[in-house]
Amino acid sequence: MRLDRRQFDLAALTVLCGVLLHATHFPLWLSVAMTGAIAARWLQRRRRPDWGKPPALLRLPLTLALPIIVWLQYGNIFGLDPGSVFAVGMLVLKLGETETPRDARAIATFASFVLMTALLFEQDILTTIYVGLGVIPLLLLLRALEPDGRDPAQPAARALLREARSVLLNLLAAVPLAVLVFLFLPRLTAPLWATQSVPQGKTGIGDSMSPGNMSDLFLDDQPAFRVSFVALAPPPAAQRYWRGVVLWRYDGRTWSRAGGGPLDPGRQELRALGPEVVYEITQEPSRQRWLFALDLPTMDAVGYSRDEDFTLAAARPIDKPLRYALRSAPRYALGGLDVQQRRRALRLPEGFNPRTVALGREWAQQYGDPQRVVQAALDLIRENFRYTLSPPPLGRHAMDDFLFETRAGYCEYFASAFAVLMRAAGIPTRVVIGYQGGYWNETGEYMVVRQSDAHAWNEVWFDDRGWVRVDPTAAVSPDRIEIGSAANAAFNRWYGSEWLLALRNHWDIANRLWTQIVVQFDELSQRGLLRSVGIEQADWRELGIAFALGMGVLAALGLWWAVRRAHDDADRVDRAYARLCNRLGRYGFARAPSEGPADYLRRLLQQRPQAREALEPLFARYLQLRYARNDVADAAAREFARAVRRADLGALHGS
Amino acid sequence: MTAITPDSPLVLPSELRTRLDRAVAQVNSVVLGKAGQVNHAFVSLIAGGHLLIEDLPGVGKTTLAHALAATLDLSFQRVQFTSDLLPSDIIGVSIFERDGQRFEFHPGPLFAQLVLADEINRATPKTQSALLEAMAEQQVTVDGRTHALPAPFFVVATQNPLDLAGTYPLPDSQLDRFMLRISLDYPSREAERELLTSTNRQELIATLAACMNAADIQALRQFVGNVVASPALIDYLQALIGATRSHADVRIGLSPRAGLALLAAARAQALLHGRGYVLPEDVQAVFVPVTAHRLTLGGGGQRDRVAVARELLAGVAVR
Chain Z
1 MRLDRRQFDL
11 AALTVLCGVL
21 LHATHFPLWL
31 SVAMTGAIAA
41 RWLQRRRRPD
51 WGKPPALLRL
61 PLTLALPIIV
71 WLQYGNIFGL
81 DPGSVFAVGM
91 LVLKLGETET
101 PRDARAIATF
111 ASFVLMTALL
121 FEQDILTTIY
131 VGLGVIPLLL
141 LLRALEPDGR
151 DPAQPAARAL
161 LREARSVLLN
171 LLAAVPLAVL
181 VFLFLPRLTA
191 PLWATQSVPQ
201 GKTGIGDSMS
211 PGNMSDLFLD
221 DQPAFRVSFV
231 ALAPPPAAQR
241 YWRGVVLWRY
251 DGRTWSRAGG
261 GPLDPGRQEL
271 RALGPEVVYE
281 ITQEPSRQRW
291 LFALDLPTMD
301 AVGYSRDEDF
311 TLAAARPIDK
321 PLRYALRSAP
331 RYALGGLDVQ
341 QRRRALRLPE
351 GFNPRTVALG
361 REWAQQYGDP
371 QRVVQAALDL
381 IRENFRYTLS
391 PPPLGRHAMD
401 DFLFETRAGY
411 CEYFASAFAV
421 LMRAAGIPTR
431 VVIGYQGGYW
441 NETGEYMVVR
451 QSDAHAWNEV
461 WFDDRGWVRV
471 DPTAAVSPDR
481 IEIGSAANAA
491 FNRWYGSEWL
501 LALRNHWDIA
511 NRLWTQIVVQ
521 FDELSQRGLL
531 RSVGIEQADW
541 RELGIAFALG
551 MGVLAALGLW
561 WAVRRAHDDA
571 DRVDRAYARL
581 CNRLGRYGFA
591 RAPSEGPADY
601 LRRLLQQRPQ
611 AREALEPLFA
621 RYLQLRYARN
631 DVADAAAREF
641 ARAVRRADLG
651 ALHGS
Chain S
656 MTAITPDSPL
666 VLPSELRTRL
676 DRAVAQVNSV
686 VLGKAGQVNH
696 AFVSLIAGGH
706 LLIEDLPGVG
716 KTTLAHALAA
726 TLDLSFQRVQ
736 FTSDLLPSDI
746 IGVSIFERDG
756 QRFEFHPGPL
766 FAQLVLADEI
776 NRATPKTQSA
786 LLEAMAEQQV
796 TVDGRTHALP
806 APFFVVATQN
816 PLDLAGTYPL
826 PDSQLDRFML
836 RISLDYPSRE
846 AERELLTSTN
856 RQELIATLAA
866 CMNAADIQAL
876 RQFVGNVVAS
886 PALIDYLQAL
896 IGATRSHADV
906 RIGLSPRAGL
916 ALLAAARAQA
926 LLHGRGYVLP
936 EDVQAVFVPV
946 TAHRLTLGGG
956 GQRDRVAVAR
966 ELLAGVAVR
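Residue numbers (this note's numbering), protein chains in the order written: chain Z, 1 to 655; chain S, 656 to 974.
Warning: the hint list may mix true and false statements.
Here are a few chain S residues that sit away from chain Z, every Cβ distance over 10 Å (derived from the structure) [said to hold, decoys possible]: (1) L671; (2) E788; (3) Q794; (4) G799; (5) D827; (6) Y841; (7) E847; (8) E858; (9) V933; (10) E936; (11) A969; (12) V971; (13) R974.
One side only, chain S facing chain Z, incomplete, derived with CB under 8 Å [what the hints assert, rightly or not]: (14) V748; (15) G880; (16) V883; (17) S885; (18) A887; (19) G929; (20) Y932; (21) L934; (22) Q939; (23) L968; (24) G970; (25) A972; (26) V973.
Because the hints were derived from the structure by calculation, they are not lab data. Quick reminder that beta carbons are idealized off the backbone N, C-alpha and C, glycines included.
Using the sequences plus the hints, can you model the full thing?
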């Protein structure tokens with residue numbers, strides 16, 4: 001048996017959904033090629049159905065080519081990205097040879113797996129909704145493959161509507177089951193497989209900085225993390241510096257974490273002056289270890305390490321949303337800088353940026369006082385430089401080119417040049433990368449920091465004040481600091497209207513709740529939930545029992561429903577008649593339980609002859625439906641029910 | 656009945672319909688004020704069952720039977736049951752024929768299409784059994800030879816109430832052979848007055864012309880089988896049967912055969928009223944005459960079977 005046109009269309013749509021769901025992380029050309037393959041096959045099936053499936057001579061090379069393409073693209077056929085391309089590609093190829101219901105079933109089965117794998121890449125609400133929507137054509141396909149129930153004479157649109165209705169009903173019926181599984185299926189403390197073993201294209205702040213590598217982030221509107229404040233109000237816009245990684249080592253091009261050896265924690269003494277900010281951060285997966293904190297974190301976040309330069313790091317890369325509480329001192333006193341640290345904060349690579357180094361040395365002699373040197377550098381930047389997200393390229397002596405030639409760039413350029421200048425002038429300086437800014441969500445009372453808020457700045461050591469934050473970018477582009485990121489500036493321009501802002505706020509809240517309640521639901525949350533309903537120590541056995549009980553109840557309900565449905569149409573007549581009797585009862589003509597319908601009508605008409613017109617057709621139809629035939633037609637039953645609902649029984653009032 | 660006449664899957668040919676209606680009317684014109692009982696007599700006739708009329712002497716049992724016989728163009732025999740009546744007196748005997756040098760079967764009065772068995776409980780159980788067996792099997796066997804009874808074969812039996820002297824009460828198992836048992840009761844005041852003032856009933860019957868013949872009855876019996884009993888109706892029927900089996904005063908409830916008889920009677924009732932399908936009212940109309948004589952009540956109470964049957968009927972809801 002061959003698939004008819006509609007069945008094949010649904011199969012093609014199912015495959016297309018699989019491709020579209022994965023398109024976000026596929027190379028563009030692959031998505032286009034796959035969509036094209038689907039379209040070509042669809043057109044061929046429509047225009048030249050007599051051709052059947054392509055010959056093996058064409059199918060075999062294509063099948064063999066797929067792993068080769070994946071290998072060429074990724075250099076590997078294992079791992080998440082190559083694996084997904086491979087799976088989706090197989091699905092598309094399967095459509096190529098799909099001719100029979102059996103093929104279509106294979107498509108539906110495998111497509112459900114392919115759809116599910118999209119959740120390995122993203123787990124936010126939208127992706128979940130997309131995956132949910134992608135399931136619909138799949139179920140429609142399965143429904144269309146059912147041998148029964150379809151009247152070939154019925155117009156396709158009506159048939160589709162009817163099938164869609166039953167599919168949606170089925171999906172709806174599956175929701176309790178899904179909730180049950182979500183709540184009670186024993187959770188693993190650690191994931192069974194690392195979903196993000198391969199570095200993703202989309203990452204947060206890295207652990208190094210070279211000119212240009214942040215520019216992607218500026219365009220990325222995704223939230224990096226969200227902050228809710230427990231004690232003290234959120235800091236003013238100009239003070240929202242979220243420290244990420246402190247970079248010490250410079251090799252002429254790239255700033256990286258440290259030159260020699262690991263950094264010992266606890267070498268730098270920190271004392272808070274005045275009240276501390278207490279806040280909680282929910283960080284999106286970043287595939288990096290770094291956590292973010294305001295200046296300067298006084299307390300270790302539980303389970304995470306704090307280095308001497310107050311860089312906070314998790315033990316493993318953060319590959320799922322992470323929540324942690326922190327405490328920071330906006331005003332603080334630091335212990336002294338030891339020799340080794342001072343040396344590291346002054347080191348410059350040999351043979352790079354000679355003009356910059358010369359300028360720094362000149363300033364050191366000219367001003368002497370480090371504070372005045374800093375001021376001179378900021379003045380220089382303020383007067384002669386331009387902030388741009390698309391700076392001209394730089395040569396080998398990057399900082400020389402930047403300071404004396406191009407004089408245009410963004411935070412990375414400024415932070416880097418400033419640090420080189422200061423170090424040349426003998427002032428210990430380091431680079432800090434993190435986020436600057438944050439958007440306060442009034443409705444949800446929390447702050448969103450987006451990837452586009454990524455920023456780089458410096459910390460300069462003054463012997464009397466300790467490490468002091470200096471942001472050279474602020475000198476050239478104060479707006480960047482006051483308003484927030486460039487993206488935020490653009491955002492203010494083009495969708496600044498109130499309601500859009502509110503919409504955005506609410507959407508962000510929804511995302512946050514989704515992350516906190518659904519994505520982060522792990523063994524701990526599960527225990528917490530069960531404890532709140534009185535199950536103290538929920539081990540897998542109790543979970544299993546709860547799960548089995550729930551399944552049993554659901555199965556019983558489902559069975560009951562199915563059985564009930566079988567009698568539904570007969571019952572519908574019954575219920576409608578009961579309703580009619582009820583209504584008549586309200587006029588004082590209750591039916592005796594053992595009174596048959598004809599007797600009942602006779603009694604009614606004896607007492608209220610004027611109701612003949614209203615009652616006779618109803619009763620006639622009821623007798624016809626219930627007693628005059630062995631089966632009840634669905635439509636007639638509905639019609640009777642409707643007639644009973646609409647019947648005007650006013651004539652039954654006493655005359 | 657009511658004005659409800661929805662399209663019926665089954666329609667009697669109009670001539671047959673007319674003849675049936677005229678027959679019913681004619682019997683009613685003789686047996687005054689007993690429309691229900693006349694109706695039941697016709698139910699029994701159409702459903703292919705036999706009728707037992709039980710009442711005091713002189714209330715019109717025999718008149719009803721005679722009126723039926725006169726209205727239906729059937730061969731008619733009347734047998735007056737007495738305590739010395741022998742089985743061979745009703746079935747017939749084999750007599751040695753001198754001419755043919757062999758035994759020849761001489762059919763008894765049972766070989767008629769309509770048999771009136773008057774005062775059936777005056778005969779001995781042996782004779783009663785012979786009659787009831789013939790009724791059940793539609794045939795008699797004499798000297799090893801089987802003789803089919805004519806078709807249609809319709810027995811109307813009358814009996815006096817059991818507490819009268821000189822009777823042999825029919826055992827329950829044999830009462831079961833009668834599809835319906837009815838009683839006539841005293842006539843109403845108006846009916847009795849007319850009875851007293853108008854012509855003698857016997858003379859009236861003699862003037863009647865037959866309205867229906869054997870073929871009509873056979874045709875009606877064919878149609879009865881096609882009357883629709885919907886699943887809902889069967890539900891109701893089963894509920895009724897079930898109730899007889901669980902009622903406190905009933906020792907033995909209805910048998911499956913009684914259930915079949917009830918359904919057949921209800922179908923005939925529906926057909927009689929021009930409907931191609933059975934309503935709960937049809938079942939209710941025939942329930943008491945079909946079931947009362949089949950119920951075996953518990954020993955303790957001195958209850959009337961008819962009252963129990965009515966109680967059963969009222970206790971089962973029509974859904």
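Taking the hints in turn, this is what the structure says about them:
no., hint, in the structure
1, L671, "21 Å, holds"
2, E788, "36 Å, holds"
3, Q794, "35 Å, holds"
4, G799, "46 Å, holds"
5, D827, "26 Å, holds"
6, Y841, "26 Å, holds"
7, E847, "28 Å, holds"
8, E858, "38 Å, holds"
9, V933, "7 Å, violated"
10, E936, "4 Å, violated"
11, A969, "5 Å, violated"
12, V971, "6 Å, violated"
13, R974, "7 Å, violated"
14, V748, "50 Å, violated"
15, G880, "15 Å, violated"
16, V883, "6 Å, holds"
17, S885, "5 Å, holds"
18, A887, "5 Å, holds"
19, G929, "12 Å, violated"
20, Y932, "4 Å, holds"
21, L934, "5 Å, holds"
22, Q939, "6 Å, holds"
23, L968, "6 Å, holds"
24, G970, "7 Å, holds"
25, A972, "4 Å, holds"
26, V973, "5 Å, holds"
The structure is inconsistent with the numbered hints 9, 10, 11, 12, 13, 14, 15, 19, although it conforms to all the rest.
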